[in-house]
Structures are given as structure tokens and as C-alpha cells.
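**Student:** Chains as they are written, first to last, in the numbering used here: chain A, 1 to 457; chain B, 1 to 457; chain C, 1 to 457; chain D, 1 to 457.
Since the hints were derived computationally from the structure, they do not count as laboratory data.
Worth double-checking, as some hints may not be accurate.
Computed list of lysine to aspartate or glutamate pairs in EDC-like fashion (alpha-carbon distance at most 16 Å, straight line) [to be verified]:
| # | chain 1 | residue 1 | chain 2 | residue 2 |
| --- | --- | --- | --- | --- |
| 1 | D | K77 | C | E389 |
| 2 | A | K190 | A | E224 |
| 3 | B | K442 | A | E389 |
| 4 | B | K79 | A | E389 |
| 5 | A | K442 | B | E216 |
If you anchor each label on the Cβ, the simulated ranges turn out as follows [to be verified]:
| # | chain 1 | residue 1 | chain 2 | residue 2 | range |
| --- | --- | --- | --- | --- | --- |
| 6 | D | L180 | B | A3 | 29 to 39 Å |
| 7 | A | L457 | B | E96 | 51 to 61 Å |
| 8 | B | A61 | A | Q425 | 30 to 40 Å |
Taking beta-carbon pairs under 8 Å as the criterion, some of the chain C residues facing chain B (in silico) [as the list claims (entries may be wrong)]:
| # | residue |
| --- | --- |
| 9 | K79 |
| 10 | R288 |
| 11 | S434 |
In this text, a Cβ means the ideal position worked out from N, Cα and C, and glycines have one as well.
Protein chains: 4
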Amino acid sequence: MNAGQFSAISPIDYRYFDEDVARYFSDAAYTAYKLKVELALVKALHKRGVCPQSALKEIGAACASVTPEEVYEEEKKVKHDIRALVNVIRAKVSDEAKPYVHMTATSYDINDTANAARFRDATLEIVVPSLTNFEKALIDIATREAGAVQVGRTHGQHAVPITFGYSIAGYVSRLGSSILALEDLAKELKGKFSGAVGAYNASSLFFDDPEVFEKEVLSGLGLEPVEATTQVTQPEPLVRLLAEVTITAGILANLSDDMRHLQRTEIGEVGEAFGESQVGSSTMPQKRNPINFENAKSMWKIVVSRVSLPFMDQISEHQRDLTNSASGRTYGETIAYVVSMAKRLEGTMQKLAVNHDRLSENLSRERGMIAAEPLYLILASLGHPDAHEKVRTITLSAQKNGLSLGEAAMKDTELTEYIERMTAQQKNIIADPSTYTGIAEKKAKEIALRWKKKLAL
Amino acid sequence: MNAGQFSAISPIDYRYFDEDVARYFSDAAYTAYKLKVELALVKALHKRGVCPQSALKEIGAACASVTPEEVYEEEKKVKHDIRALVNVIRAKVSDEAKPYVHMTATSYDINDTANAARFRDATLEIVVPSLTNFEKALIDIATREAGAVQVGRTHGQHAVPITFGYSIAGYVSRLGSSILALEDLAKELKGKFSGAVGAYNASSLFFDDPEVFEKEVLSGLGLEPVEATTQVTQPEPLVRLLAEVTITAGILANLSDDMRHLQRTEIGEVGEAFGESQVGSSTMPQKRNPINFENAKSMWKIVVSRVSLPFMDQISEHQRDLTNSASGRTYGETIAYVVSMAKRLEGTMQKLAVNHDRLSENLSRERGMIAAEPLYLILASLGHPDAHEKVRTITLSAQKNGLSLGEAAMKDTELTEYIERMTAQQKNIIADPSTYTGIAEKKAKEIALRWKKKLAL
Amino acid sequence: MNAGQFSAISPIDYRYFDEDVARYFSDAAYTAYKLKVELALVKALHKRGVCPQSALKEIGAACASVTPEEVYEEEKKVKHDIRALVNVIRAKVSDEAKPYVHMTATSYDINDTANAARFRDATLEIVVPSLTNFEKALIDIATREAGAVQVGRTHGQHAVPITFGYSIAGYVSRLGSSILALEDLAKELKGKFSGAVGAYNASSLFFDDPEVFEKEVLSGLGLEPVEATTQVTQPEPLVRLLAEVTITAGILANLSDDMRHLQRTEIGEVGEAFGESQVGSSTMPQKRNPINFENAKSMWKIVVSRVSLPFMDQISEHQRDLTNSASGRTYGETIAYVVSMAKRLEGTMQKLAVNHDRLSENLSRERGMIAAEPLYLILASLGHPDAHEKVRTITLSAQKNGLSLGEAAMKDTELTEYIERMTAQQKNIIADPSTYTGIAEKKAKEIALRWKKKLAL
Amino acid sequence: MNAGQFSAISPIDYRYFDEDVARYFSDAAYTAYKLKVELALVKALHKRGVCPQSALKEIGAACASVTPEEVYEEEKKVKHDIRALVNVIRAKVSDEAKPYVHMTATSYDINDTANAARFRDATLEIVVPSLTNFEKALIDIATREAGAVQVGRTHGQHAVPITFGYSIAGYVSRLGSSILALEDLAKELKGKFSGAVGAYNASSLFFDDPEVFEKEVLSGLGLEPVEATTQVTQPEPLVRLLAEVTITAGILANLSDDMRHLQRTEIGEVGEAFGESQVGSSTMPQKRNPINFENAKSMWKIVVSRVSLPFMDQISEHQRDLTNSASGRTYGETIAYVVSMAKRLEGTMQKLAVNHDRLSENLSRERGMIAAEPLYLILASLGHPDAHEKVRTITLSAQKNGLSLGEAAMKDTELTEYIERMTAQQKNIIADPSTYTGIAEKKAKEIALRWKKKLAL
């Protein structure tokens, strides 16, 4: 039996353990949710007049006192988890109350309904909030750095300028969309009370309207019923939710990669804040490593490498087999890793240092080569028949002769007639391409504001 | 250079090749879509008064005449696919028209917009229709077999009865939901005309309202613009679409597994229709193998094992790297496999033979053991304090003594007082559990009808 | 902080927790292995005369007393796991001994060497033994059931006969090969003591022969050095080991699927032994579900869905990045699941009941249709020009007319001349195809014996 | 029907099509291999005296003339690929020869044996050679650049120096090991001639020693028989081969990532050679993008995301189901992508430009901070009780005061006594850490030479 922190095999239970997540996905939490469902059933039976008030009261008290240890001990004997839970509840009530415990229910009425409730709750109460906190940190940076000009990089090569705030605004937009999708998908999780093969066989023995009875039970948990089930619920809503959780991990990992590379010694545009006594390396005392972004990237690999599992678990033979039971128990880990990523990155981004000197320095280091695009476009608009090829050859000769692109263009007599026809602003962009940022600043601010409102921050 | 059918390396290009899919995902199709985007751009330039009517006409004619072979030859020289396309168009027009070709666009304005359009079109024009045709076949079976009692199976063991129609109705419900989700997700695909780093740098040189201009270009293709981009579009909408396509494959695979097992020699409840001259085995002439369902399951494995790829492709450094280019070209294969599954299974299910004699025979073979659930529930409702355990021991003794469960229950003196208090209907269920089907028939019909309406079939 | 069993998020730390595995893969175990490496280093320094005997003694005592709790507390401060460990050791020794702790080592000299040692040990001491125990159970069945004729099934359809023992012998052969491969791959895991970037920079400051020094340190742990490293070891040997572990899971899952299906109510050829008080279903007291085989299949899905992770972790930029750190910590889980599968299946197979009556019953149920293959082959060998097609049509007419295949063949006048020329044995096979088992029995016994010897059982 | 290059759906059949690979994995190639197996069977029958010389001759001629088109047409009719092949051969021979075609064989005797032969051949004739050519290019660089000092980078941050040649030598070692593993694994692929359920049922009708007969057939293809089969071969040897192919892709991808980042504008230590007329971007004429390394990384994602497929295909129920047939046809694609990566990277690395000026410039840019490790180690060896922490604080103050680490150390009076006791070489390393390269150069040369010999280059 696992004695805790230092005995655990999965890092999600030692190094990356999070109590907030365990409140939904530990075995104790699962038991608690199953008890909620068992009690909701008895309440519905009571409302229908099937179960007397006294039995409801007894069963309510019993459910409140069940411990996971008791269930675990009973399960050793009967080798069936829900039967064990039911036995433990029944042992705590009078013979009169016993028949109402689990009445008409099959195991997966309880399990699947409990799962729907806890995945919904975990998404709305912990995943979405932790991502939203992180989103808020991004919105702050996008706003603050909306005008901070940075060289845009494609293929790791200098392209044309953007602003740092706009690059972050892109993540605001992507993550914001995903947060809204998560909320929608969490609310699509549904419960079931349709019995052993999904045909309401058992509840039909007692009620003329078993689907109405199902609704009554589930409403106690804020859930709607599934349209059609086997012994188990339809798997797809949970697959969609987990896929979207994986998508958020991808967005966080993408940002982390960007930040890691912007922290490279040669680039140095951003930096993780380091504690006074923090050690970067056990042998290289000067190191300031982007460990939080690296950690997030590594957790993303855990999450993405597991993404096929819920899709594989869609398959269950006939009215169900059990080959998705052990595997389904691991889904909470995916959520735990993503919450860990979000919390860690929130702290890291809040303290992110942006080095504006290095932004400028890097922007100007290629001596204006990044003006090649506007030069080509302006030439083309002025009627140059082969502007792209022309500028391409100028960049080559400029590099050979140690000239800036603007200088090389000015010296090229073939271009004189075009340059004379350029506007002052056009000439300015060629001479100082740091002004060639399009509408980056405006969009950064707009996007930040829009998501602040959408997410009510 | 690939000479066709027998030279191809991927089975999607020989054994499973489908011309309907190739119309969206072949290289020729991609080129055609890119030409549509290049032309939409010139039309927007024309509407703005930038590009004269004559040039538009020339470029329109040129785009109509470009062949993929020409582009391929040019790309060999310039080693850049979009530059090659642009060069080929430009070579077909006058010097006056040349500057308007690709004006202000970057490669991925064209590529990503073309991709959004073709994935949307393929989903709405081929994926959804082929799945809907299959859904229709399922609806027909669910309706026709709504009352055909079948033993429900959990863990491969006889549980309690359902109807065959209801088991199919479960798939109607799952697949129907997925079809609607696909339609929604296809419409979420968006285009971009925001330039080399997503900040509208180039278009800002020419227009005060580059975002409005972007809308004008994209409206020609029926697309909305992305809120914020880098050089490339936001990857998430396509990831969601491909995840949902994978989900549909899972539903089809689950059905296929059910049908495969129902076709087992010992079960024999359904059968694939076999052609007169069809051979089941090269050495065993008697074989009738469920090859279409097996094929679908195998294709599902292809699809599900690749599901992580688009999630991995979410990561692109800074304003983009190219490490999702080759990989992104394979996404059409996933769609092709799912279309192949849907088409094949539609044909197979339409001709599915249901063996009603075997349904009955199998249902009754365990001598009423499947009455254990209703017996336990009725006993419990009549106040038996430990009904589940009691019935469990009766089933063991019935099996030992070669009795049916009903007979064993009748002989058990401890139960006499309860049996006397049972209603006629309750007694009937214990004696003949084939009537213990809950509301299976009613639900099968309702679900079939509901989806017929929802999908306007 | 995780309080144990009921707080854990991963099922590998509650439901499927195994202390034997935790001895290698818990955080406490990892710390213990790292301490072994730190001590091996000091011993090597001592042998070289660098570190005095007194310091070695002090450090040895310190290492023996370090607790994971202490390291955890220190890491909270310095935020670096190995620095924390080193600080804790250093705090327990005199100033004279302090410099020898971790001398010339970088973190990953310790971590990677500790990992090589513990993955090797876990493989040889727990994975291979648990698989070998299971293999032994299979060998026993293959021997015992070598002659038990069973219908062979392809596509779930009756094909031609084998013996149950031979079907198990196939698994003996596959699993045996994998066990040998695991042993080889475990021994290929290597250690490193090549410093921060793999060039022996630090140890070269002190020794002329740093590669010899590395060998001396590693020999204390029974490890060889890697040929070339960065800061970290070459990832491939561990990838290969984990791939092979995943392969063993696949073999176990395949067997589990076979057993699950042979347990289907309609087939019933084998059965899991059930405890007296064991409950199969919370509502269906008669159920005897193949839960152990289902569990193994489900764990296989966990394992196989994660197989890409170590392959993804092969990539580490330049002299290393840390994006494989968190992810690498999860590898022990894969091993834990496979050990759990092996242990559980061993117990299940040892008690597997084979129902010989059902074997015979199923074999004969298709009225000799399984004689189609030998009939076709014998006809062909006797010169029939189109035997396969001929037999195919006979099987169709036999089924239509309710005849056995032998009867239908006898009645077919076209075949009379061939039948007359058949040997007695040939006629016998057509009449009673249960004798058509090739060399199944002989091979089952040979294979069982061969692996008994190879694995020294 | 697929008309070739521009109709193909998979990029492996248009953009990345490779005729060398198609010689093993096209449908035409598969047919050719199957014909080889059918002929090897008849030859073995002839050697045994079963089949007359004339029939062998006829069948040999027939096999030589079969086209994939003929088989395809026949398969449309019989819906069985091997039966179609057999029918086509039979149609080309006399009635006397007909019975010997495919005699005693089942489809998968042919298919699996053909697959073993072609995967072995493709590995030895195309995968290993293309990787070995690439390995040769790496060996040349490792040798040539063995002494080219480069800053080592961990976490993207400057660590301590290595040499560029040594960084490449690490890849030589990793890839070399993988090449040897591939050769071994290719030779482990085995054939089968054990009939429809693996028990030699059919061949036992004709031979007393069916296993010897199997050996005779397979020896014609240079293959050994599998120890035990079902209808199909053991899947594991091919899984291992494909896993190792995926491993090589990971090594290539890791190198590609390194090269991509070393090409970043700010780093610029290496560069892909660019053609005179090559275009980097459709709008940014100055761009020189690392497209070949990006392409390799992207192909790796294709390969790694599919790695679970062969592991999933390990499962085939009982004596086989067909759910690994369509999926198994895609394995050649994995090989095709890796060959494409190897060929492309070979060309790219051969022309790789190393910028030695930038190597030096980058090395010295952090003003000696990379001397922190040797400074700490030397101080520790000279008895400083807390050297790591001391040096860590010096690096912080040096950065604050704009000093090099050497300067800051010299000015720190607490260190004076230690510095006085340093050797000249030690002082030199602190002043000029570019000499702190350990044994990088020596190892680079040794490793290059060792693999040159091992691979007989």
C-alpha cells in the first residue's frame, strides 16, 4: 500500500502532485462523487414516494460517514468496487433502509454519472480557472508590450518586424478560444441511469416513465441524461473534452518553446526571474536556465503522447466490455499535468523580464535586410516588372559588400527612377524598417481588451 | 516520378484510392485551391480599384490554364512551391498585369487559406455526406429491428436482454452527434491575409484598413479571417476537426467490432452478404469472413495511431517554422481513410443479414440465468434484506443442478413468501426473461425518427 | 503533499500500486540510486588517492543517512534536485570531506547513471522474473493441453483444427523471445561520467585519463560507459528497452483477447476461476466476467498509447535541454503496468479452467465444414483441375441441404472417381476433420520443452 | 484509379515519392515478391519430386509474365488478393501444371513470407545504405571539425566549451549503433509455410516432415522459419525493426533541430548552402531558411506519431483476424519517410558551411562566464569549503559590474589565497575558457575513425 509522496511511482503523485486536482481525481474523491450519486438516487426514490423519509435520512448519514478505507477493505473481499461501496453503505443502515440503497442502479449508472460530474467540476473549477489566470497574465503582457518592436522570426531567421505584445496577443486569442471551448465541452458531459444494458430494464420494473425517473436522479447533480447508452455512457463527450485539454497543452507548449528560444544566450530578449538563492546548475554556477518553460514543454509531451488513449477507449464491445476501465482511471492525470503547466507558467510569465535593449539590438543587427519585403512590394507597386528577383540579388550583393539593404538599393542605378517616385514614408521604411510593423500594436491592444471582456477579467 | 496505381507506396493511393477524396487532397487539387485564392486576391484588388479590369481578366485566364506539371517544373528551379506558382501565373500575363499577381500576399496567406477552404469543402461535401449515408443505413436497421430481442452482452457474457434495433440506435445517436459536430467544426475553419508575420505589414503599405481588405479577399472564398495569426493561421480549428474525424472513425470501429463478433461461428446473429463468386479464403473454401468490418477496424488503427500528429503540429516557433509542412500534407489521408470506412460500411450494413433464429436461440441458451437481475430487484423491492447475495447463490446452485434460474428460485423455500407476493408480470419475467427488455423498442424507434429529422433524411 | 493511497491521482499509485516496482521507481528509490552513484564517485576518488579514507568514511555514513524528505526540503530552497542532494550530503560531513562530494560530477552524471542502474535492475529483478513466472504458467498449459483438439479460428470463423496447447505454445515462443530481448537490452544500458557537456571538461582538470576514471566510477555500479554523450546519456538504449517492454504488453494483451473471447457465453472453452464470494456484477448476480483479461487489455492500452513518449524524448537540443525531464520521470509507470499485467495474468492462467466438452462441441458444430481445406487439397493432388472452386460450391450446397460436407462430397457424382482413389487416412480426415491437426501436438510439446530449457525453468 | 503524381493523396506518392523505395513497397513490388514466394514453393515441390520439371518450367514462365494489372482485375471478381494471384498464374499454365500452383499454401504463407523478404531487402538495400551514406557525411565533419571550439549549450544557454566536431561525433556514435541494430533486426525477419492455422495441417497431408519442407521453401528466399505461428507470422520481429527505424528518425530529427538553431540569425554558426536561383520566401527575398532540416523534423513527426501502429497490430485474435491487414500496408511509408530524411540530410550536411568566426564570436560573448565551472572546481579542489555558492555570487556581481568572470575573481580578495595556489594552466583556463574543452577533439577523431572501420567506409 502506497505510503505517500516518496513511495509514489507516478511523478504526478510526488514531484507534480497538486491537492486541488486530487480533490477530483484521487480515489477518495472518486468515492465521494459516487456517494453523491448513490444519495441522489435515494433522494429521487424518496420524492417518488418509493423510499420513506426515515430511510433517506439513514442513508444520507451513512453516505456522509463512508471512508475510502472501508470500501477498499470490502472490495478485497467481493472484488467489485461498486458492490463494495453498496455493501459498506448498507452495513451502516437498518434492514428497512437497505433495499433502497443502489435500487435499480447498475455499477456504471453510478460510475459514469460520478465521472461526468467530476470531470465537469474539475474543468469548470480548476482547469478553466488556472488557464484563465494564465490568460490574464498574457493579456497584461500583450497590453504592456503592445508597442515593443521585435524582429519577427520565421524559420528562426529574421523576417519583418512585429511587436512583442502582438506575438503574445496571438496566444491570448488561441488560449481564449480554447477556454471557451472547454467550458462548452464540460457542460456537454452527461449522466446515465439506464441500467445494465442501457435499456432501462431494471427501472422499468418499478416505473412507467423510467426516462423521467433518470432525469430526476440526474438533476440532483446538475446533469442531463445521455440520449442512448449501453451499460456505459457514450464515450465521445469525454474524448472531446480531453482532446481540448490536450489542445490547451499544445498552446502552452508553443509559447514555452518561443520563450525558451528568446532566452537563448545569443538572443536574450526575455528572461525567467531567478530567485536569489536559486541554483541553475550543479556545476555551472552562472547558469540561468529556462526551467519552467522546459518543464511545461516536457509535460506537454506526456500529455500529447497519451492523446490517443481516450480515442482507443471509444471501443467497447456490445453492451460493454471492461477494457476501458483501468485506462479510464488515468484520464485525471492529463488534467493534472495541464493544470500544473498553467499554474507554473502563470507564475513565470507574471515575472517575465523583457529586455528592450536586446529587442532593438537584435532588430538592427542584420543591417536592414528585413526591409527586403517592403522594398520589393513598393518596387512592384511602382511598376517594376521583376521586383522580387531584383531585391533578392540586391540582398546578396549588399551582404557581399557589407552594406545595409537601404544603402545597396540607393546605389543601384537601375532603381533610381523607382526610388525617386517613392513617398517619404516609403523611403523611411526602407531606411528604418523598425517602423514596418503593420498594425501590430493596434491589434495587440484590441485583442487584449476583447478577451478581457469575453472572459470577464 | 510516381506512375500511378501500381507504383504508389501508400495504400491510400492504390488499394484504397478514392477519386472523390483526391478532388480535395491530391497535389493537383491543392494547386487548384491555391489558384482560387490567388484569383480571389486579384479580384479584391480590382474591386478596390488597384488592379485594372484588363489585368484581372488576364490573370483569371492565366489561373484557369495553370497545370500542376508546370508548377512542379518551376519549383525544381526555385525550390519554393508558392513562388513557383506565382512565377507560372506571371509568365502567362503581360508586364502590366504581373505586379498584381500575389500582390501583398505571403506564401501562407495562400496556402493556409487554400487549406481552410479545401478541408471545409471536403468535410461538407464528402465526409459528412458519406457518414450521413451510413447513418441512414443504421437508422433503417434501428427501425426495422427495433423489436428484435437480443441478449445484451457485457464482458462478452450474457447480461439482460435488449433489442438489436436498440443496439444500433445507440450508434445512430453517437454518429449523429458527431456528424453535427463535424459540420460545426468545418465552418470554424478560417482564412488569413495578414502577411509574412501576421501583422499586416505588407498590406498596410497599400491600405489604411488592411483587415477590411483581408475580409474582402476571403469573402470570395466564403471564409472569415482568423483573429490573430503569425505567418500561419491558428492551428487549433483544424486540430479539432481532425480529432472529430478520428472520433467518427472510433464509432465506426466500435460498430465493426460488434458486428465481427456477432458473426462468430458460435454466435451467428448477423452476416455480411457474400457475392456468388466471392472467395473467403485461398485454402478454406467454406469461409465467410467479416472482411469489411475487419477492414474498417484496421483503418481505424491507422487513423487513431496518427491522431497525435496535428496536436504535435500546434507547435511552430515564433512567427513560424516549417516543421509542420510535410506533416500537414498527410492530414488528407486521415480523411480519406474515414471516407473509405464510411462508404464500405454503408454498403455492408445495407446488406446485413440478421438471423432472428439465432437471436432467439442464443437468448435462451443459458436457461434463464439472465433473469437474475430482475429476480434480485423484485426480491429486494419486496423487502428481502440480502437479495443480491441470495440470487448469486441460487445461480450457482442452478448451474450445478442443471436447472433454469426460474426453476431453482421456485424450489427455494426461503423465497416462497416473496414469490407469492409477486405480480403476474413479475412472475412472467422470471419465467421468460425475453420480455425483460425495458423500453428498448420504444427508444430505438424514437431515436431513429429523431435523427432522421435532425439530419433531414 | 500526497498523503498516500487515497490521495494519489494516478491509478498506479492506488489501485495498481506495487511495492516491488516502487523499490525502483519511487522518488525514494531514485534518491537511493543517486546516493549509490555519489558514493561510487567518492570511492573511485579514494582509490585514485584523491580523497582520503576518512572523508570516504564520512561521506559513506552521510549517504546512508540521507532521507528523501531532507532532499525535498532543501530543493524547495535551491530549486535544483541534485544540488539539493549534494547540499544535504555536504551538511552531514566535515569541511575537510565537503570538497569530495560530487567532485567533477555534473547533475546528469548522477541522474543518468542512477537511471541506467535502476532500469537495468528493475528489468532484471522484477520485469523479467514476473514475465518468466507467467511464461512458466503458459508452458505448463501448453504441455498439459498439447493434445486438446480445438477448432482453429480465423476472422472469428471456424477454420481448421489446432490444439489448445499449440495455441498457447505460440505465446510461449513469442513471450520467450521477448524475455531474452529484455535481458539483452537491460544490459545495454550504460552510465556516464563525462561532465556538463560530455567532453570530460571537469574531470580533465584533475586526471590525464578521464575516460579511465569514468570506467572506475561506473564499475562500482556494474555499468559500462557510453561511447559519446552530451550532458546526458544517449537516449536510444532506454528507448529500445521501453519499446520491448511495450512489446511484451502487446503479447499479453493478445493472449488476453483470445481468452476473453474463448470465455464468451456462446463459446465457453475456458473460464477464469471465480472466488466463492466474488461478485461479477452489482446487479446481475449470475455474471462471471473475464475481468482479469479485460484489465490486462486495458493496461495494454495505457502502455501502447504512451509508446511514442520515449521516442519523442530522443530529441534534446545541443548539449541538452530539459524538455525530457518531467516526461522521463513517467517511464517507470510503463514498467509498473506491465509488471501488474504479468503478475495478474500469471495467477489467472494458473487457475484457468479448460472446458474440454465445449472444445469438442464447438469443433463439430459446423458439421464438418472445416474439412473443406483437406478435401480441396486432396482433390487437387489427385488431379482435379479446379478443386478450390469445386469445394466452395459443395460447401454452399451442403449448407443449403443440411448435409455435412463429407456427406455432400460423397453424393457428388463428379467426385466419385477422386474419392475412390483416396487413401483410408484421407477419407478419414474428410469424415472426421478433428484428426486434421497437422503437427500441432508435437510442436506444442517441443516448444514448451525448448523454452523450459532456455529460461532454465 | 490513381493516375499518378498529381492524383495521389499521400505526399509520399507525390512530393516525397522515391522510386528506390517503391521497388519494395508499391503494389507492383508486393506482387513481385509474392510471385517469388509462389515460385519458391513450386521449386521446393519439384526438388521433392512432387511437381514435374515441365510444370515447374511452365509456372516459372507464368510467374515471370504476371502483371499487377491482371491480378487487380481478377481480384475485383473474387475479392481475395492471393486467390486472384493464384488464378492468374493458373490461367497461364496447362491443366497438368495447375495443381502445383500454391499447393499446400495458405494466403499468409505467401504474404508474410513476401513481407519478411521485402522488409529485409529494403532495410539492407536501401535504409541501411542511405543512413550509412549520411553517417559518412557526419564522420567527415566530425573529423574535419574535431578541433573547432564551440560553446556548449545546455538549456539554450552557454555552458562550457566543446568542439563542433565532437558534437557531430555524438551523432556518429548514436546513428552508427542504430545502423548495426537495423542490420541485425532485418536478419531476424522470418518466413512461414505452416498453413491456415500454423499447425502444418495442409502440408502434413503430403509430407511426413512438413517443417523440413517449410525450410526448403524458405531457403529459396534466404529466410529461416518462425518457431511457431498462427495463420500469420509472429509480429514482433517487424515491430522491432519499425521501432528501430523510428529511432533512426529521432536521431536525424535531433541533429536537424541542432542545425536549425545553430542557423538562427543571432547564432549563425552553420548554414545550409543555397542555390544561386533558390528562393527563400515568396515575399522576403533576403531569407535563407533551414528548410531541409525543417523538412526532416516534420517527417520525423509523421514517423513518430505512427509508431504505435505496429504495436497495436501485434493483437490478432485466435489464429488471426484481418484487422492488421490494411494497417500493415502502411508500414512501407515509415521506411519511405526515413529514407527521404536520410538522403536529404546527407546532401545538406555534405554542403554544410561552418562559420568559424561566429563560433569564436559566440564563445566569447558572455565575457568568460563559461569559466564558472572550472573556477568552482579548482577552488573546491584547493579546499574552498563552499566554492559553488561563492562562484555563483561572483557571476552575479560580475554581470552587474560589467566585468568578465576572470576579472571579477581576481578582484575578489577572499579568493586571493586560492588564486595564488593555482597552476599556470588553471589560471589560463579561467582567463581564456576556450581552452576548457576536455578531450573533445581527441574523442571526436577516435569516434569518427572507429565508425569508419566498423561500417567499412
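**Student:** Compare the structure with each hint and give your call.
**Tutor:** Here is what the structure says about each hint:
The suggested pairing of D:K77 with C:E389 holds, with an alpha-carbon distance near 13 Å, which does not exceed 16 Å. Distance check on the hinted pair: A:K190 and A:E224 sit about 5 Å apart at the alpha-carbon level, within 16 Å; holds. With a C-alpha separation of about 72 Å, the suggested pair B:K442 and A:E389 falls outside the 16 Å cut-off, and the hint is violated. For the hint linking B:K79 to A:E389, the alpha-carbon distance of about 14 Å falls within 16 Å, and the restraint holds.
Under the criterion of a C-alpha separation no larger than 16 Å, the hint pairing A:K442 with B:E216 is inconsistent with the structure, at around 20 Å. Checked against the given bound of 29 to 39 Å, the beta carbons of D:L180 and B:A3, roughly 36 Å apart, stay inside it. Between A:L457 and B:E96 the Cβ separation comes to about 52 Å, which falls inside the hinted range of 51 to 61 Å. Distance hint check: the CB atoms of B:A61 and A:Q425 are about 35 Å apart, consistent with the given range 30 to 40 Å.
Violation of the interface hint for C:K79 is found here, the shortest Cβ-Cβ separation to chain B being roughly 26 Å, above the 8 Å cut-off. Given the 8 Å rule on beta carbons, the hint for C:R288 holds: about 7 Å separates it from the nearest Cβ of chain B. Interface restraint check for C:S434: the shortest CB-CB distance to chain B comes to about 15 Å, outside 8 Å, so the restraint is violated.
In summary, the numbered hints that this structure violates are 3, 5, 9 and 11.
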